[in-house]
Amino acid sequence: MHREIQKMREIALVYLDRSGGLQKFVHDCKVYNDSKQSYAVYRFIISINPSDIAELDATLGNYILHKPIQAAQIFQSVCFIAIKTLSLIEQLQTEAQISILLKPTHLPPLPSYVLSLSAFPFNYTSPRFYMTEGIVLAVGTVTKYTQGARFLCTEETCPFSEGFRYIRVHLPGATESATVRNDFVCCLCSSPLQEDMKFRVLGDKQIVEMIDAKVLNALKGYANAKSHFRIQTFTVFLRDELANKMKIGNHYKIIGIPACVQNGLQATACIEANSVQLCRPNGPSSVGENFKHLLSLTWSSCWRFTAVLANIFASQVVPPGTWNTLKLAILLSLVQTCEEEKDYLDLLVVTSDTLVMDRLLNYSTCLLPRGVRHPPCGDMFPSVSRDKPGGGASVHACSAALARGGVCYLGDLSSYRKDKLDLLQSVLESRTATVFIPGKKYGEEADQQITISLQTNFWSFVDVDSASKKHVQKDNFLIGQLDMSLIPPNLVDVFGLLIYDQFPSCRLSSPLVHHTLKKAINPEAMLYKVSQQFRTEDYEEFILFAKNLHVEVSAEAENLIQGYYLASRRVRRDSVHGSTLSASTLKVLISLSKAHAKLSLRRKVLEEDSLIAILLLETSLTLKHGKSALCVALNPVFPFDLSDERSLCQRDSHLLQSLRQLRAFIAAY
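Anchor point for the sequence shown: position 78 equals 78 in the UniProt record's numbering, and the numbering is continuous, going up by one each time.
If you're looking for bench data, these hints aren't it; they were derived computationally from the structure. Some hints here could point you the wrong way.
With a Cα cut of at most 30 Å, we get these calculated DSS-like pairs of lysine-lysine [claimed, not checked]:
#1 K84 - K36
#2 K587 - K342
#3 K440 - K144
#4 K67 - K103
#5 K214 - K342
#6 K220 - K420
#7 K220 - K587
#8 K420 - K587
#9 K198 - K24
#10 K144 - K36
#11 K220 - K342
#12 K292 - K529
#13 K247 - K144
#14 K214 - K247
If you anchor each label on the Cβ, the simulated ranges turn out as follows [unchecked claim]:
#15 E289 - A667: 36 to 46 Å
#16 A583 - E537: 32 to 42 Å
#17 E552 - K36: 50 to 60 Å
#18 L295 - E537: 17 to 27 Å
#19 D183 - P375: 40 to 50 Å
A virtual CB, placed ideally from N, CA and C, is assigned to each residue, including glycine.
Work the whole structure out from these sequences, hints included.
Written out as structure tokens, the structure reads:
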């Protein structure tokens with residue numbers, strides 16, 4: 001056995017030399033040596049490529065993957081000999097003072113190395129490396145733990161009453177009491193050991209709760225009887241350089257060692273993270289053939305492709321040709337959910353048919369991997385509570401955080417209390433939520449304030465009938481303005497788009513009635529041929545592809561946007577409050593223009609994209625503040641029913657006329 005260990009030490013030295021690890025180790029030693037301070041523990045991080053080291057020696061490769069603690073001891077011996085041979089650290093006295101952390105770059109892509117957070121039984125008995133991934137549900141505050149400690153024999157005549165013979169170092173999965181406690185005895189004279197507090201080494205520790213990514217399917221707001229799975233949160237320990245590496249709501253892949261931590265009578269299965277990597281899902285490389293064919297048929301106009309998309313969208317929920325403006329706005333918001341760009345597009349829909357509207361918005365939410373329907377009993381924004389394993393404070397995720405890079409659907413906005421609406425307004429303005437942690441309550445020395453970024457689009461609707469019933473109609477409404485007295489006006493303003501559906505329940509069209517009745521009889525039925533050609537799965541793939549397109553704004557489109565914005569600020573103003581356009585209006589215009597270009601599968605924003613954005617925004621502003629000098633029609637984006645190619649040509653002519661009218665408006669104001 002000694003020969004085998006000696007051989008592995010030699011291989012470890014060869015690997016360090018070839019991989020550049022020895023050079024990094026010498027540099028780390030120089031930092032310690034230059035400090036001229038004596039430490040109880042000298043900590044070194046060594047990056048290991050399992051594939052490369054297994055090629056050098058299979059036994060050592062097996063040790064690293066399946067016996068990482070013993071493998072660290074082999075590297076510990078090599079490093080100690082190197083330090084003494086090359087005189088790298090003068091203060092170092094014993095091998096026990098060296099703490100080695102091996103960090104594998106990856107694990108073999110085999111099932112036996114994957115630890116599923118939703119599988120049962122959970123294998124936490126093997127102290128070896130596993131790979132697992134999930135979404136962060138809760139993050140604790142950073143606290144201190146004992147990284148290493150020096151103990152001395154209490155018997156003065158014992159040779160171990162001085163020096164660095166007894167060094168305790170934290171091992172993966174070990175609790176604080178395993179490293180530091182008062183019942184250790186000297187192996188030479190059996191006298192009690194006492195810690196030398198001057199040499200205690202402290203490190204950062206953070207407790208994170210993760211959950212399998214399958215939880216997102218359970219948060220979409222619909223039940224699928226075909227799939228049943230068990231979901232349970234899982235504790236992850238982040239130490240030292242990994243503290244604060246994980247953010248709430250993000251999807252991570254971690255390599256670590258599982259352990260079972262005893263907390264009183266309760267045992268908690270957890271994993272001590274060794275490395276953390278942010279997961280960014282790869283979108284499809286192209287769209288489906290039916291979408292490509294549709295794009296080739298509508299290439300002659302920059303407006304036709306998105307018009308047909310909106311016309312046939314969600315045919316599983318509403319008949320084709322109904323709510324086209326709303327469906328176009330939904331599609332624009334869906335493709336404008338890329339985390340990197342941070343161009344948000346929130347929707348507030350005013351409706352009189354809340355049942356159909358809820359179905360349509362919920363169906364659309366489910367098209368995104370990060371589409372979350374906020375449950376009435378859940379937290380909309382992050383909250384704080386006591387962390388069970390650590391006893392400190394823990395910030396918990398919420399619907400908005402879990403919908404990162406997607407959509408958070410809030411349902412009926414009028415069902416929320418005023419304090420929730422005020423908080424929502426603050427979040428929509430800043431895209432952040434602030435959590436206050438009182439230090440006294442959670443055993444901390446000082447109060448803390450944590451700011452969490454919420455990168456998601458918010459959707460909601462308001463029942464126009466309930467607004468008119470609960471509030472007395474005002475007499476001073478402007479032409480085109482909608483009664484929104486049920487919702488605070490400042491909250492309505494911060495929603496990017498306000499859409500009013502024009503199908504009140506008392507005048508439902510015949511196709512919608514037939515659709516609703518047929519779906520009630522047979523929910524799985526495909527009522528239209530277009531539903532078979534463009535399935536829900538096809539739209540999911542299309543949206544994932546379109547949202548990841550990176551688009552640039554052309555000079556012509558930028559001039560049109562800026563011209564409209566400046567002209568609107570001049571015509572939409574009053575003597576008391578000044579301009580009624582909020583500061584975010586320009587951002588919404590750019591976001592809408594980019595979204596229309598993405599939906600058209602283009603990488604450059606054209607004037608035609610900006611026109612659609614301006615018409616949608618002007619309609620929204622008219623509902624909020626009344627008509628302006630631009631004086632757009634009631635439904636400027638879809639003035640005609642799209643039944644054939646002739647109606648598409650009529651729409652193109654109407655939009656060209658709107659573009660000329662817009663240019664005249666900009667020139668005048």
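Comparing the hints with the structure gives:
For the proposed pair K84 and K36, the alpha carbon gap of about 16 Å is at most 30 Å, so the pair holds. Taken as a hint, the K587 and K342 pair is honoured in the structure, with Cα atoms around 10 Å apart against an allowance of 30 Å. Taking the CA atoms of K440 and K144, the gap is about 17 Å. The hint holds against a cut of 30 Å. For the proposed pair K67 and K103, the alpha carbon gap of about 13 Å is at most 30 Å, so the pair holds.
Annotation: proposed proximity of K214 to K342 holds, straight-line Cα distance about 25 Å (limit 30 Å). Distance hint between K220 and K420 is fulfilled; the C-alpha atoms sit about 21 Å from each other, no more than 30 Å. Taking the CA atoms of K220 and K587, the gap is about 28 Å. The hint holds against a cut of 30 Å. As the CA atoms of K420 and K587 are separated by approximately 25 Å, the hinted pair is consistent with the 30 Å bound.
For the hint linking K198 to K24, the alpha-carbon distance of about 29 Å falls within 30 Å, and the restraint holds. This hinted pair checks out: K144 and K36 have alpha carbons roughly 25 Å apart, not beyond 30 Å. The straight-line distance between the Cα atoms of K220 and K342 is roughly 22 Å, inside the 30 Å bound, and the hint therefore holds. Distance hint between K292 and K529 is fulfilled; the C-alpha atoms sit about 18 Å from each other, no more than 30 Å.
Between K247 and K144, the direct Cα distance comes to roughly 19 Å. Compliance with the 30 Å bound is thereby established for this hinted pair. At roughly 18 Å between alpha-carbon atoms, K214 and K247 fall within 30 Å of each other, so this suggested pair holds. Restraint check, E289 to A667: a C-beta distance of roughly 45 Å satisfies the suggested window 36 to 46 Å. Between A583 and E537 the beta carbons are some 40 Å apart, a value that agrees with the proposed interval 32 to 42 Å.
Taking the beta carbon of each, E552 and K36 are about 56 Å apart, inside 50 to 60 Å as hinted. A beta carbon spacing of about 18 Å between L295 and E537 agrees with the range 17 to 27 Å that was offered as a hint. A hinted range of 40 to 50 Å holds for the C-beta pair D183 and P375, which are about 49 Å apart.
Violated hints: none; the structure is consistent with every hint.
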